[in-house]
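Student: Chain by chain, the residues run as shown.
2 protein chains.
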Amino acid sequence: MATIKDVAKLAGVALSTASYALNGDSKVSPKTKEKVLEAARQLNYSKNGFAMDLKRSRTNTIALILTDLSGPFYSELIRSVQDVALSHGYDLIACSSLGGKNSTAVKFLREKRVDGAIVLAHNITDEILFTSANSGFPIVVMDRMTSGEGLISVIVDGEMGGYTATRYLIDKGHRSIAYISGPSNSFDNALRYRGYQLAMKEAGLEEKSKWKLSGNFTRDGGYKATKMMMMQGELPSAVFYGNDEMAIGGIKAMEEGALTVPDDVSVIGFDDIQLAEYLNPKLTTIRQPMHESGSLAGHLLFQMLNGEEVNLSYKLRVELIERESVRQQ
Amino acid sequence: MATIKDVAKLAGVALSTASYALNGDSKVSPKTKEKVLEAARQLNYSKNGFAMDLKRSRTNTIALILTDLSGPFYSELIRSVQDVALSHGYDLIACSSLGGKNSTAVKFLREKRVDGAIVLAHNITDEILFTSANSGFPIVVMDRMTSGEGLISVIVDGEMGGYTATRYLIDKGHRSIAYISGPSNSFDNALRYRGYQLAMKEAGLEEKSKWKLSGNFTRDGGYKATKMMMMQGELPSAVFYGNDEMAIGGIKAMEEGALTVPDDVSVIGFDDIQLAEYLNPKLTTIRQPMHESGSLAGHLLFQMLNGEEVNLSYKLRVELIERESVRQQ
DNA sequence: CTGAAAGCGCTAACAC
DNA sequence: GTGTTAGCGCTTTCAG
Chain A
-15 MATIKDVAKL AGVALSTASY ALNGDSKVSP KTKEKVLEAA RQLNYSKNGF AMDLKRSRTN
45 TIALILTDLS GPFYSELIRS VQDVALSHGY DLIACSSLGG KNSTAVKFLR EKRVDGAIVL
105 AHNITDEILF TSANSGFPIV VMDRMTSGEG LISVIVDGEM GGYTATRYLI DKGHRSIAYI
165 SGPSNSFDNA LRYRGYQLAM KEAGLEEKSK WKLSGNFTRD GGYKATKMMM MQGELPSAVF
225 YGNDEMAIGG IKAMEEGALT VPDDVSVIGF DDIQLAEYLN PKLTTIRQPM HESGSLAGHL
285 LFQMLNGEEV NLSYKLRVEL IERESVRQQ
Chain B
-15 MATIKDVAKL AGVALSTASY ALNGDSKVSP KTKEKVLEAA RQLNYSKNGF AMDLKRSRTN
45 TIALILTDLS GPFYSELIRS VQDVALSHGY DLIACSSLGG KNSTAVKFLR EKRVDGAIVL
105 AHNITDEILF TSANSGFPIV VMDRMTSGEG LISVIVDGEM GGYTATRYLI DKGHRSIAYI
165 SGPSNSFDNA LRYRGYQLAM KEAGLEEKSK WKLSGNFTRD GGYKATKMMM MQGELPSAVF
225 YGNDEMAIGG IKAMEEGALT VPDDVSVIGF DDIQLAEYLN PKLTTIRQPM HESGSLAGHL
285 LFQMLNGEEV NLSYKLRVEL IERESVRQQ
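Heads up: the protein sequence lines correspond to chains A and B, in order.
Take the first sequence: its position 215, counted from the start at 1, is 199 in my numbering, and no numbers get skipped.
Take the second sequence: its position 247, counted from the start at 1, is 231 in my numbering, and no numbers get skipped.
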């Protein structure tokens, strides 16, 4: 691998001159510059990224950390963060926190391989966040309400969402409503469930403990939880799934059990994933403003990077998307 | 930011001793090691990633380069590559080639910020691939047939896929079959189209030039191309969309035009994206073995990293997934 | 086992 | 404008 030293030698100039020429600094004469560039071309030279980062102690890169890079749900978020990064002349890399403490994500955070990060990964502990973030290394976290030095959060109002969904079902005349929950350690799930409870209580409705099922936020989990519910004999008139993925699994289970949605049982989800409007029936759900929240997170990160003052947390509103999976009772 | 120097000083040992202790080298006495670790803890020390990479001139990281991080289609691929990376003790980062020559992807490739890369991004030119790859920096490219020093390809047999899809339609009794193509610079599209042409020719069928439409591989493009086709008056009895996304858009356009799939016109796609089986009607399509190809690409990359000999290219077979969008004519 | 010292490749004062 | 030089923070020989 050719180094800048080789380039300088071949071009017959000093190291620094080569560096200046390569970086487009104005204080190099055009012909010297051309000489250097030509030498670089000949040697197929390309600069060593780390050496530069080390020297500059800045990478011009931010990281987006997700639990699993492969969730279709993140598309919009990734895109909006990417747009913001690009518009600030920064690079974006995505990495996964799969593997917890030993994951790529934690390594990048701890070893400061980027200038800042946006984190949406529940398996990154608060402790890691706290010890990694500081005024020189900002982090915005999107799946919990946590803040500290260089650490802020932008979250979606899940409680409001849970309330809205439940309330909508109640307004449609439903009286027996089940909530199929996500993982018990999920902050998002807790919020949605709290919203559900609130609306139920407010309407004087009771949550039946036999319908208290968990589907782990996965399609298969939703399927199994629903099967379980169906085996219990008595069915609610509506079920609120903690997320759309579980609702998909749930609808499948119902279909298999000769139950029609929404005629036999109404279904509402949460997230508004892309698939939602292609399901049959089209899924009524609560839309998370992924684009807005990603964009906001990105902008805030750059504000912090520039040393500007920002709030400790931001909460975004959620929206009901009425489609076909809920019927008037 | 505390450096290893600070840690050494606080612990009262030499720099090298601190380094050894921190890296778990065996030649440090347990109590010295503990002293160092304690000092590191106190200072909230974490090593500087670049300095290490620079010194070691290895990053233990590979990159997966995609045109757009946000395509839902990549999920399975990402997951399989990730699994392979993890099992080799490597980190994986994903980055986007959005922005072409100035993209993050190109920067990472040229500046060697990783140890190797898997590329599935048609806007990365062959030239960049050739100048970046070498025996010390392997690249496996997944969307074209290109090879060179440290550069190999694993592709899916798109031509066979195109042939299979078209042949299936013909066997179902269809005689007028349109192919809605992807971007003209797409290698994948060219392959699929060639397969289509082959099957048509073999059956003595003719491609009508008025149905020669392009949908750019996007949902919206498929929608527009289909609208265009419908405006022409005469409709084919079956249409083969270059990918599933376009088929989705196409089906929507047909629905809006009071056309029923598959009763009025049969539809076949390509890719077998997750959505395909949730559409109404469920989409008949050609499945790309994303898991297998990602896994293979990953394994090959590591073989190259280890200096092992590998073939210049690998071609994977494709599979017809029969669902509901094609009917017997 | 420990410590001193030599760089990895690059940038950015600083002097000429 | 151009060249000299001092590190960025780390690993790793080599001598004690």
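Treat the hints as calculated values from the structure; they're not laboratory data.
Do not take every clue at face value.
As the list makes no split between identical chains, a pair holds if one copy fits it or if it spans any two.
Said to hold, decoys possible - PhoX-like cross-link-like pairs, simulated, lysine-lysine; straight-line CA separation at most 20 Å:
#	residue 1	residue 2
1	Lys236	Lys266
2	Lys17	Lys31
3	Lys31	Lys91
4	Lys85	Lys31
5	Lys39	Lys(-11)
6	Lys11	Lys208
7	Lys(-7)	Lys196
8	Lys15	Lys266
9	Lys266	Lys91
10	Lys299	Lys17
11	Lys91	Lys208
12	Lys266	Lys156
13	Lys208	Lys299
14	Lys31	Lys(-7)
15	Lys39	Lys194
16	Lys299	Lys(-11)
17	Lys31	Lys208
18	Lys156	Lys236
19	Lys266	Lys(-7)
20	Lys15	Lys196
21	Lys19	Lys208
None of these values were measured; they are calculated from a predicted model.
Student: Are there hints from earlier that the structure breaks, and if so, what are their numbers?
Tutor: Result: hints 6, 7, 8, 9, 10, 11, 13, 15, 16, 17, 18, 19, 20, 21 break, sorted rising.
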